[in-house]
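Asks: Going line by line, the protein sequences match chains A and B.
Each residue of the first sequence is one higher than the one before, counting from 181 in my numbering.
Each residue of the second sequence is one higher than the one before, counting from 181 in my numbering.
Source of the hints: derived by calculation from the structure; they are not laboratory data.
Ideal Cβ placement from N, Cα and C applies to all residues, glycine included.
Under 7 Å between C-beta atoms, here's a sample of chain A residues computed to sit facing chain B:
| id | residue |
| --- | --- |
| 1 | Y242 |
| 2 | I424 |
| 3 | G439 |
| 4 | V448 |
| 5 | F456 |
| 6 | D460 |
Just some of the chain B residues that point at chain A, by a computed CB distance under 10 Å:
| id | residue |
| --- | --- |
| 7 | G405 |
| 8 | A427 |
| 9 | Q438 |
| 10 | V448 |
| 11 | M453 |
| 12 | E454 |
There are 2 protein chains.
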Amino acid sequence: MSTLQNRQFRLTSRPVGMVKRSDFEFVTAPAGEPSQGEVLVRVQYLSLDPAMRGWMNAGRSYIAPVGLGDVMRAGGIGRVAVSDDPSLAVGDTVVGMTGVQDYAIAKARDLTRVDPRLAPLPRFLGALGMPGLTAYFGLLDIGQPIEGETVVVSAAAGAVGAVTGQIAKIKGCRVIGIAGGPDKCRYVVEDLGFDAAIDYKNEDVQRALARHCPKGIDIYFDNVGGDILDAVLSMLARRARVIICGAISQYNSMESMQGPRNYMSLLVNHALMEGFVVFDYAARYPEGMQALAGWTIAGKLKAREDIVEGLETFPETLQKLFRGENFGKLVIKVSE
Amino acid sequence: MSTLQNRQFRLTSRPVGMVKRSDFEFVTAPAGEPSQGEVLVRVQYLSLDPAMRGWMNAGRSYIAPVGLGDVMRAGGIGRVAVSDDPSLAVGDTVVGMTGVQDYAIAKARDLTRVDPRLAPLPRFLGALGMPGLTAYFGLLDIGQPIEGETVVVSAAAGAVGAVTGQIAKIKGCRVIGIAGGPDKCRYVVEDLGFDAAIDYKNEDVQRALARHCPKGIDIYFDNVGGDILDAVLSMLARRARVIICGAISQYNSMESMQGPRNYMSLLVNHALMEGFVVFDYAARYPEGMQALAGWTIAGKLKAREDIVEGLETFPETLQKLFRGENFGKLVIKVSE
Numbered sequence: 181m182s183t184l185q186n187r188q189f190r191l192t193s194r195p196v197g198m199v200k201r202s203d204f205e206f207v208t209a210p211a212g213e214p215s216q217g218e219v220l221v222r223v224q225y226l227s228l229d230p231a232m233r234g235w236m237n238a239g240r241s242y243i244a245p246v247g248l249g250d251v252m253r254a255g256g257i258g259r260v261a262v263s264d265d266p267s268l269a270v271g272d273t274v275v276g277m278t279g280v281q282d283y284a285i286a287k288a289r290d291l292t293r294v295d296p297r298l299a300p301l302p303r304f305l306g307a308l309g310m311p312g313l314t315a316y317f318g319l320l321d322i323g324q325p326i327e328g329e330t331v332v333v334s335a336a337a338g339a340v341g342a343v344t345g346q347i348a349k350i351k352g353c354r355v356i357g358i359a360g361g362p363d364k365c366r367y368v369v370e371d372l373g374f375d376a377a378i379d380y381k382n383e384d385v386q387r388a389l390a391r392h393c394p395k396g397i398d399i400y401f402d403n404v405g406g407d408i409l410d411a412v413l414s415m416l417a418r419r420a421r422v423i424i425c426g427a428i429s430q431y432n433s434m435e436s437m438q439g440p441r442n443y444m445s446l447l448v449n450h451a452l453m454e455g456f457v458v459f460d461y462a463a464r465y466p467e468g469m470q471a472l473a474g475w476t477i478a479g480k481l482k483a484r485e486d487i488v489e490g491l492e493t494f495p496e497t498l499q500k501l502f503r504g505e506n507f508g509k510l511v512i513k514v515s516e
Numbered sequence: 181m182s183t184l185q186n187r188q189f190r191l192t193s194r195p196v197g198m199v200k201r202s203d204f205e206f207v208t209a210p211a212g213e214p215s216q217g218e219v220l221v222r223v224q225y226l227s228l229d230p231a232m233r234g235w236m237n238a239g240r241s242y243i244a245p246v247g248l249g250d251v252m253r254a255g256g257i258g259r260v261a262v263s264d265d266p267s268l269a270v271g272d273t274v275v276g277m278t279g280v281q282d283y284a285i286a287k288a289r290d291l292t293r294v295d296p297r298l299a300p301l302p303r304f305l306g307a308l309g310m311p312g313l314t315a316y317f318g319l320l321d322i323g324q325p326i327e328g329e330t331v332v333v334s335a336a337a338g339a340v341g342a343v344t345g346q347i348a349k350i351k352g353c354r355v356i357g358i359a360g361g362p363d364k365c366r367y368v369v370e371d372l373g374f375d376a377a378i379d380y381k382n383e384d385v386q387r388a389l390a391r392h393c394p395k396g397i398d399i400y401f402d403n404v405g406g407d408i409l410d411a412v413l414s415m416l417a418r419r420a421r422v423i424i425c426g427a428i429s430q431y432n433s434m435e436s437m438q439g440p441r442n443y444m445s446l447l448v449n450h451a452l453m454e455g456f457v458v459f460d461y462a463a464r465y466p467e468g469m470q471a472l473a474g475w476t477i478a479g480k481l482k483a484r485e486d487i488v489e490g491l492e493t494f495p496e497t498l499q500k501l502f503r504g505e506n507f508g509k510l511v512i513k514v515s516e
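Same shape as in the complex, but just chain A (with noise of 0.2 Å):
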């Protein structure tokens, strides 16, 4: 298995503002071979997720950095191509951290098998995996939807904020998406089922919201920060929760973080903001993948994939995500 190349991009420099291929540098380095307990993985997917350009900042977070030198981390799903663990066989479907490369070597304890048959393996890295449950637990365990309650989502076309909005419907909430461009807004509502939707590129937020949310507003799933979470804070109903899920706005920003300037409205409306990350819920997993599988079954939550092709394509296609230019769950296509 040696004589197995694999390409990888691996962090070099930690990025300045946006990410950009100077940042990595691009590699082909033997597969190697699995030790007892580990696999060799064939990636197919990666994930692309907004999560990434924290990982590569120097710093405390909930994660450890990603070091210099080392294999991007990224969410993947691949198949086994060589075992060393009886719990895995060969040309078993799993997900887990694969990092941005061809081939994995991982514990077996740290991936996921997966049953292939019951979605396309892009959705594994969406509404039926990390973005899937990131949505499912901060929605309800956070923000304990209550029917009839009004609820906003960011990013609402997203990964992340697809799924939130639909389980919001699902919990029988009025659900608002805020999403970038008319095609976006047009998904939201028409496939996904959101009441309304708020193109921010096209429209005053802060205008739009006080006519779609004429009761205050509820429930504030946050994956965007800056202006709008600003705009929906001025729009708070009392007891309202706002979920702290990300804030791709700020992530790439050269200056310092921009705080929420309104959250006094928390004080005036007795209002909460809670953070979370999924890795939070790992214990609950189970839970929440059975409730999402049960959903897409049922036919109650829908989901988009856009898949870019080739490895190669990486510092590019995770700058798009930045830019916001991808529609749905955005995926790197690896292998067949």
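Given chain A, put chain B in place with the hints provided.
Replies: Same frame as chain A, but now just chain B:
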């Protein structure tokens, strides 16, 4: 009674930046007579509170703004001089929203009778009044302190902060106060029993927090906002609770509110930030009052008042509050 002369501060313009004397007119008018269900109160002490600055602004909040031309809103304590309600007798001591004036006509049901033998009168506007209740409900209901946790309190020598820290000590927490100047810092440690104090005027708050809170901050009770809030956010422990009680550093700012730049610490640490105003807990005031009075009698809850003589000093005394120059609960003595 109509010959009683009543001096009043009426709000005549919405302040821009720091509040100033010219935002009010100081007039004398007949005190008037109470109608059925009302009493006339001779005001003895007035409460000066950070929230007053917000009440002067136009726009929606948890309470209507003071109207232009209206007597400035203020809490006060005084003696019933005339009563037209069977529930209150002449000579009773009452607390309520008297306004910044010598005499107030109020509905008997909007006033609370207190026992003046229990404590010096100004204390009913501080540790045994709204500030004490604010500390009680904010810390216990939102913060839910657990023995051994690390609690940080800003404006620690102020009316709310001093009570908050002492309740946290009663609950078995380690308590770090942040206050301005060595005298206040000495007071919170030596007199109030905090474990440590940080002098934000003479110390690097960030570094001092790192020194005093090696395991991070479990609860932060924030009265000040601004840079101190950001410093604390960067030091949160997992599952921390940030209680937003006020943001006095921002109330008189000419620029737009400074939002907490480090709010993504909520995400990293699965922490929450929740706001409240004491009025949210009106139904539970008796519970709070009983606890505060009990601790006071037991010698576990100490307090200090900063008494300024003379109703006519109101605008400058309010400035003193916003400059942090008061030491203890700031009140104006209006009459014996």
